[in-house]
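Engineer: Residues per chain are reported as follows:
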Amino acid sequence: MSETPELLIASLYPRDMNIYGDRGNVLSLARRVRAQGFAPRVVDVNPGDPLPDEIDIVIGGGGQDSGQNRVAKDLAQRADSIRALAADGTPMLMVCGLYQLFGHRFVTHTGDELVGIGVLDVETRGGAERMIGNIVLDSEEFGEIIGYENHSGDTTLGSGSRPLGKVKQGAGNNPRDGVEGARSGNVIGTYLHGSLLPKNPALSDFLIGEAATRRYGSFTPIAGANETVLLARESAKRRPR
Amino acid sequence: MRDFFSAVTGKTVRQVARLRGGGSALPGLVVERLDPGFLARVLQRLPYGVVAVSGTNGKTTTTKMIVEMLEARGLRVFTNRTGSNFSRGVIAAAVQECSITGKLDADVAVLELDEAHAMYFIERVKPRFTLLLNVLRDQLDRFGEIDTTAKLLQRIADATTEGLVVNREDRLIAEIGERTRARTVSPPSVREFGLSNALLSTFPSDDDFHAGATEVADSEERPDADVTLIELGDHEAVFRIDGQDFRTELKLEGLYNTFNAAAALSTVRMVTQAPVLPGHPSKYSTETTNEDLVQALAQVRPAFGRGEQLILDGLPLDLVLVKNPAGFRLGLASFDPTGVAVMIAINDQYADGRDMSWLWDVDFTSLAAQGVSTVSGTRAWDMALRLEHDDVEVGAVHENLSEALRAFRETSLNQPRRIYCTYTAMLALRKELAELTEVENVW
Numbered sequence: 000m001s002e003t004p005e006l007l008i009a010s011l012y013p014r015d016m017n018i019y020g021d022r023g024n025v026l027s028l029a030r031r032v033r034a035q036g037f038a039p040r041v042v043d044v045n046p047g048d049p050l051p052d053e054i055d056i057v058i059g060g061g062g063q064d065s066g067q068n069r070v071a072k073d074l075a076q077r078a079d080s081i082r083a084l085a086a087d088g089t090p091m092l093m094v095c096g097l098y099q100l101f102g103h104r105f106v107t108h109t110g111d112e113l114v115g116i117g118v119l120d121v122e123t124r125g126g127a128e129r130m131i132g133n134i135v136l137d138s139e140e141f142g143e144i145i146g147y148e149n150h151s152g153d154t155t156l157g158s159g160s161r162p163l164g165k166v167k168q169g170a171g172n173n174p175r176d177g178v179e180g181a182r183s184g185n186v187i188g189t190y191l192h193g194s195l196l197p198k199n200p201a202l203s204d205f206l207i208g209e210a211a212t213r214r215y216g217s218f219t220p221i222a223g224a225n226e227t228v229l230l231a232r233e234s235a236k237r238r239p240r
Numbered sequence: 000m001r002d003f004f005s006a007v008t009g010k011t012v013r014q015v016a017r018l019r020g021g022g023s024a025l026p027g028l029v030v031e032r033l034d035p036g037f038l039a040r041v042l043q044r045l046p047y048g049v050v051a052v053s054g055t056n057g058k059t060t061t062t063k064m065i066v067e068m069l070e071a072r073g074l075r076v077f078t079n080r081t082g083s084n085f086s087r088g089v090i091a092a093a094v095q096e097c098s099i100t101g102k103l104d105a106d107v108a109v110l111e112l113d114e115a116h117a118m119y120f121i122e123r124v125k126p127r128f129t130l131l132l133n134v135l136r137d138q139l140d141r142f143g144e145i146d147t148t149a150k151l152l153q154r155i156a157d158a159t160t161e162g163l164v165v166n167r168e169d170r171l172i173a174e175i176g177e178r179t180r181a182r183t184v185s186p187p188s189v190r191e192f193g194l195s196n197a198l199l200s201t202f203p204s205d206d207d208f209h210a211g212a213t214e215v216a217d218s219e220e221r222p223d224a225d226v227t228l229i230e231l232g233d234h235e236a237v238f239r240i241d242g243q244d245f246r247t248e249l250k251l252e253g254l255y256n257t258f259n260a261a262a263a264l265s266t267v268r269m270v271t272q273a274p275v276l277p278g279h280p281s282k283y284s285t286e287t288t289n290e291d292l293v294q295a296l297a298q299v300r301p302a303f304g305r306g307e308q309l310i311l312d313g314l315p316l317d318l319v320l321v322k323n324p325a326g327f328r329l330g331l332a333s334f335d336p337t338g339v340a341v342m343i344a345i346n347d348q349y350a351d352g353r354d355m356s357w358l359w360d361v362d363f364t365s366l367a368a369q370g371v372s373t374v375s376g377t378r379a380w381d382m383a384l385r386l387e388h389d390d391v392e393v394g395a396v397h398e399n400l401s402e403a404l405r406a407f408r409e410t411s412l413n414q415p416r417r418i419y420c421t422y423t424a425m426l427a428l429r430k431e432l433a434e435l436t437e438v439e440n441v442w
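Protein sequence lines, in the order shown, are assigned to chains S and B. Under numbering that gives the first Met the number 0, the residue at position 68 of the first sequence is numbered 67, and the numbers go up by one with no gaps. Under numbering that gives the first Met the number 0, the residue at position 40 of the second sequence is numbered 39, and the numbers go up by one with no gaps.
No lab work stands behind these hints: they were computed from the structure. Idealized CB from N, CA, C, for every residue including glycine. Any given hint could be a false lead.
[As the list claims (entries may be wrong)] Below, simulated EDC-like cross-link-like pairs (lysine to aspartate or glutamate); rule was C-alpha separation at most 20 Å, straight line:
#, chain 1, residue 1, chain 2, residue 2
1, B, Lys150, S, Glu128
2, S, Lys236, B, Glu398
3, S, Lys167, S, Glu143
4, B, Lys250, B, Asp317
5, S, Lys165, S, Asp120
6, B, Lys430, B, Asp312
[Claimed, not checked] Which stretches of chain B does chain S cover? Using the computed rule of at least three CB atoms under 8 Å from a CB of chain S, they are:
#, segment
7, 348–360
8, 378–385
Just chain S, same shape as in the assembly (with noise of 0.2 Å):
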C-alpha cells in the first residue's frame, strides 16, 4: 500500500493574525499541496501552543496593533526554534504583521518599540502614509506576482535581505523604493494579502517545491495553473487603486 507523501504547514498565530483573509492562503496552500500529489496537515499555533516537530512550510498572517502586541511575545519565545528552521532551509511565507516581526524591529506610530525575531533583514515603522489598492509585482522567480496591499507599517531593507519584487503598480514597502516584500534564504515576508497564495500558485509550488525537496529529497510538480486563477489575476490586475 503507497501511502500519499505528506507535508506539514505550521500556521502562525491564527487566532490573532488573520485580519485581511490571511485565511485563504492557509486553504489555497492546502489545496495545492493536494494538487501536486501531497498530503496536507495544516498544524495551527497560537501562543503558548508547541510548534510541532516535523514542520515543511511556515505561514503567517497579519493583524492589528493590538494582536500583534500579543504574538510578539510568544514569538520571541521561540525566535531559537523558528530561526533554527529558517537556517536550515524551511520555507516560510509571512504576510503583513508578521512580516513585520520577522524582522527586525516594529516601531509603532506612537513610538513603542516592538522587537521583531530578525529572520528578515528588513525594519518597519509606522508611517502617517496608508498604503491600500491592487498591487502587481514583477519578480525574476515567480513572474507577476497579485495582491491587495493594507498596510501603514513602512519597511526598509537592509543588505541580508532581497526584495520579492519591483512594484509596478502600488506601493509596496514603502513610497520611495519600488520594491515590495523581502526574501532571505527560502523565507518570503509581503505586504500582498487578498489573498495571495490563491491568485499565485507560482508562490505555493515555491514553498511546496522546497519543502518536498528537503523532506523527500526531490519535486516534480504535476498541477499546472487553472483557468479560473487565470482569469482572477486578469480581472485583479485592471481593477484600479
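Since chain S is already given, all that's left is putting chain B on it; use the hints.
Structural biologist: This is chain B only, laid out in the frame that chain S set:
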C-alpha cells in the same frame, strides 16, 4: 429671524436646484455655509431630541425599525432616508421639511450616522440618545483598522447626553458601554441589547473569524440585557424584555436584522420612557407597553436591498446584500439553499470597498450540494476562484451584470431565485429588475 432667513434661502436654493435638475445636497451646502448653527438649532428644538444610530452594519434597517416603531406610538419622526447620512444631506432634508420660520414639524429626529462622517455631525449636534450596533470588518480599506472605527464610535458615545444603547455581544462596542458608564462627568445611562448564550454561536463575532473557527466558548449564564434575543425561527423571534418573553412574527429577513430588532426595541424603550425635553408641552402620552412595541416591530418591512423579496416569472427572488464575512455568512445561514437557484454578484467599487480579501473568510460549503448558477460583478473571477476552493460548482461567470442576470433568469425559470450581492451590484441589479418586474422605490 436667522431661522427664517436660512429656511427661506435653503428652500429657494432647492427650488432653483430642482429646476436645473441639480443634486439634493446643494441646499444643505448653501445653508451650512451661510448659517452653520442652523441644523443644531432646528434639531435641538425637537421635544424628544435627536437619536443617533451608528455602527458598521445594519444602520439603515435598524433606523427604519426605530422610526416606524416611534411613528406607531404617534410620534412624528424626522429621519434621513436612503442612507444619505452625511450632514449636508441631513441639513438638506431639514430644510425641505421645515416651515419657513425654521420649525421642523417633528417630535424627534432619528438619524443614521456613517461612522466616518459622524464626527462632523456631533461637533454641531449632541445626540440625546445613541445606539451603537457593531464594528464589523467591511470597508476597512476606507477607515483603516477596526480599532480606529471603534474610536470614532466612542466619540459619538462621548457626545451623547442622556442615553446610550450598546451591543453586549460585540467586544469593542461593549467596551464603549463600559467606558461610558465609568465617565465621571454626567454620564448618560447605558443599556444593552444582547443574545442568550444559546444563540451566541449563531452570531459569530469578527474576533471569532480571526480564529477561523465558529465555536464560541461555553460561558456561564449571564443576566438578561435590556432586550435579549433568546429564540430565532423562520420570520419569528422571541425577545426577553423586563424578564418577560415576547414571541412575535417578523417581516424582516435575515438573522442579523432580527438581532438588530433587539437593538431597535431597546432604543425605542429608552426614547419612549424619557420625558419630553424642558420647554415643551407634554402633549403625547409616553406610556408605551412592551407589547405595543413588539407589535409595531412585527409590521416593519425590510429596507431596500436588505433581504428584499421580489417576484420574477411568478416566483420569488430574494436580494441579499453582503458587505463583509459576518454578513455573508449570516446570509448563507439565514436562507435555505435547497431548491433555490443562486447567483452571486461581487463588485469592488468604492462604495462596496475595494478590498476583496474578506471573501476568503466566508465558508461557502453550504452551497456545494447544489452549486451556484451564475457569478457576476467586477470581481466575478475572484468569487469563482473562492467557490472553487470550497468545491462549489459554478454554472457560468459573466462579469457584466445585465448579461449575468439574463443568463441566470434563463437557467432558473422554474425555480425560486436568490441573489447575494454587494452594494453597487445591488443597485445595478435593482435597476435591471425594475424593467422586468415590480421593484419598490428606495426607502
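Engineer: State for each hint whether it applies.
Structural biologist: Results for each hint:
Note on B:Lys150 and S:Glu128: the hinted pairing holds, with a Cα-Cα distance of about 19 Å set against a maximum of 20 Å. Annotation: proposed proximity of S:Lys236 to B:Glu398 holds, straight-line Cα distance about 15 Å (limit 20 Å). The hinted pair formed by S:Lys167 and S:Glu143 meets the criterion: a straight-line CA distance of about 9 Å does not exceed 20 Å. Only pairs whose Cα atoms come within 20 Å are accepted, and B:Lys250 paired with B:Asp317 is accepted, the gap being roughly 13 Å.
Pair hint S:Lys165 plus S:Asp120 holds up; C-alpha atoms about 18 Å apart against a cutoff of 20 Å. Straight-line distance between C-alpha atoms of B:Lys430 and B:Asp312 comes to about 17 Å, which keeps the hinted pair within the 20 Å bound. For the segment 348–360 of chain B, the proposed coverage by chain S is satisfied: 8 residues have a C-beta within less than 8 Å of a C-beta in that chain, meeting the threshold of three. Under a criterion of three residues with beta carbons nearer than 8 Å to beta carbons of chain S, the stated coverage of the segment 378–385 of chain B is upheld, 7 such residues being counted.
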